[in-house]
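> Each chain, letter by letter, is given below.
There are 2 protein chains.
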Amino acid sequence: MQAITRTDTVRVMAHLTASVEYGLHCLLWLAGSTAPLSSRDLAEFQGISPSFVAKIFPKLEKAGIVRASEGVRGGYLLARMPEDISILEVVDAIEGKKPLFDCQDIRGRCAVFGDRPPGWATAGACAIHAVMLRAEKAMRDSLASQTLGDVAHILDRKAPPDFSNDVRDWLGDRIKSRARKPSRRELSS
Amino acid sequence: MQAITRTDTVRVMAHLTASVEYGLHCLLWLAGSTAPLSSRDLAEFQGISPSFVAKIFPKLEKAGIVRASEGVRGGYLLARMPEDISILEVVDAIEGKKPLFDCQDIRGRCAVFGDRPPGWATAGACAIHAVMLRAEKAMRDSLASQTLGDVAHILDRKAPPDFSNDVRDWLGDRIKSRARKPSRRELSS
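If you read the sequences in order, they're chains B and Z. Numbered continuously in the working numbering, the first sequence closes out at residue 1005. Numbered continuously in the working numbering, the second sequence closes out at residue 1005.
Chain B extracted, bound-state conformation (with noise of 0.2 Å):
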């Protein structure tokens, strides 16, 4: 893998957001996981806000990129193979997929063109809007090329093979210690 260097350290409202960290995240646990995990198992595994992470769990399921499974010992699972599920789908169900760039069309105002911009002026895409739709293009096509399963390969080359185990315990337990079937509510608190 090439060298990868942040571009800045500057704390700014960037576009994709700790929502979407969190949400990849659980998903890679999901799919290294046989068992339904609540939203709670998620968030306490990875020392994360679980009223966050309920949030977004709604989202990943209505996009068909997790389930529900209501049984004893319910929660979601993956809803596909996690090679089958692309990196832009998931920041695209919990982002909504909002715009690189917002165009205000500002090209019609001009003085010269007084109340009324001739057709010529705004017909077609502003040319300042289209270099930045080719850019949110390269972005989201870079997003589409890598799936839920590139990422958990890396991570399972990187993690020693104990580490599997230790998690598959901690998650064990988490599922055992629960005494009854939990309502639809439940799987997210």
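Bear in mind the hints are in silico, worked out from the structure with no lab data behind them. Note that this is a predicted model, so its numbers are computed, not measured. Check each hint, because a few of them may be wrong.
If several chains are the same, the list does not tell them apart, and a pair holds so long as it fits within one copy or across any two.
Unchecked claim - Within a straight-line C-alpha distance of at most 20 Å, the following computed SDA-like cross-link-like pairs (lysine to any residue) qualify:
#, residue 1, residue 2
1, 914, 861
2, 974, 924
3, 974, 940
4, 974, 939
5, 953, 987
6, 914, 834
7, 913, 956
8, 871, 922
9, 974, 937
10, 913, 845
11, 974, 932
12, 974, 934
13, 992, 936
14, 974, 921
15, 878, 988
16, 974, 946
17, 914, 959
18, 871, 884
19, 878, 935
Add chain Z to chain B, keeping to what the hints say.
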């Protein structure tokens, strides 16, 4: 040029804001001008907020994209040929290289690690962050591959011949109406 459609019509906080749109539009007019123009000239010519535009130009000047001319009929000029100014330079000058993805590096918080995550868990780039950095690089490479000159050529081909005369007349009248030498402060007021 390929067909380009907006990915969504939902209005949400975009990564690249109106400052970038306004800045690029102003630079395109400067690309076609042999006379210096103030940020107020440019704002009024385009029917956009002069105070908003006045905040953009010091950033463009600092980045070496425009230079201020302080003589009689002073204003801003492009500091380089439009073909030598990439769209990425303009975006970075105005937006300050804000990251696409704000990674909070949650990978070290996993419950099985206890208080001390092992070295392998936090070494190198997080696999999820790396996916996002690749997507960001694709976006930035796209913006870097397009110049102000490219966009100016598209607009030149689109506008009828009379339009450039109308623009020259409007801006020429505006410049002539300046009765005295403006101070540096007036360049952007």
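> Could you run down the list of hints and mark each one as holding or not?
Comparing the hints with the structure gives:
1. In this assembly of identical chains, the alpha carbons of residue 914 and residue 861 never lie at most 20 Å apart, being 30 Å within a copy and 31 Å across copies at closest.
2. Proximity of residue 974 and residue 924 under a CA criterion of 20 Å is satisfied inter-copy only: 14 Å between copies versus 54 Å inside one chain copy.
3. For a Cα distance limit of 20 Å, the shortest separation of residue 974 from residue 940 across copies, 10 Å, qualifies, whereas the shortest one inside one copy, 49 Å, does not.
4. Within a single copy, residue 974 and residue 939 get their C-alpha atoms only as close as 52 Å, which misses the 20 Å cut-off; across copies the closest is 9 Å, which meets it.
5. In this assembly of identical chains, residue 953 and residue 987 lie within 20 Å of each other by CA distance neither inside one copy nor across copies; the values are 39 Å within and 36 Å between.
6. Both within a single protomer and between protomers do residue 914 and residue 834 lie at most 20 Å apart by alpha-carbon distance, with minima of 15 Å and 15 Å respectively.
7. For the homomeric pair residue 913 and residue 956, the shortest alpha-carbon distances inside one copy (10 Å) and between copies (19 Å) are both at most 20 Å.
8. In this homomeric assembly, residue 871 and residue 922 come within 20 Å of each other (Cα to Cα) only across copies, at 18 Å, whereas the closest approach inside a single copy is 37 Å.
9. In this assembly of identical chains, the alpha carbons of residue 974 and residue 937 lie at most 20 Å apart only when taken from different copies (8 Å versus 55 Å within one copy).
10. Within a single copy, residue 913 and residue 845 get their C-alpha atoms no closer than 24 Å, and across copies no closer than 32 Å, so neither meets the 20 Å cut-off.
11. For a Cα distance limit of 20 Å, the shortest separation of residue 974 from residue 932 across copies, 17 Å, qualifies, whereas the shortest one inside one copy, 62 Å, does not.
12. Proximity of residue 974 to residue 934 under the C-alpha cut-off of 20 Å is restricted to the inter-copy arrangement: shortest distance 12 Å between copies versus 60 Å within a copy.
13. With identical chains, the CA atoms of residue 992 and residue 936 are never at most 20 Å apart, being 68 Å at best within one copy and 29 Å at best between copies.
14. Within a single copy, residue 974 and residue 921 get their C-alpha atoms only as close as 47 Å, which misses the 20 Å cut-off; across copies the closest is 16 Å, which meets it.
15. Taking the closest pair of Cα atoms, residue 878 and residue 988 never come within 20 Å of each other, the shortest separation being 27 Å inside a single copy and 58 Å across copies.
16. When the C-alpha separation of residue 974 and residue 946 is checked against a cutoff of 20 Å, the pair qualifies only between copies, where the shortest distance is 14 Å, while the shortest distance within a copy is 40 Å.
17. Taking identical chains as interchangeable, the C-alpha atoms of residue 914 and residue 959 lie at most 20 Å apart whether they share a chain (14 Å) or sit on different chains (19 Å).
18. When the C-alpha separation of residue 871 and residue 884 is checked against a cutoff of 20 Å, the pair qualifies only within one copy, where the shortest distance is 14 Å, while the shortest distance between copies is 50 Å.
19. Proximity of residue 878 to residue 935 under the C-alpha cut-off of 20 Å is found in neither arrangement, the shortest distances being 42 Å within a copy and 37 Å between copies.
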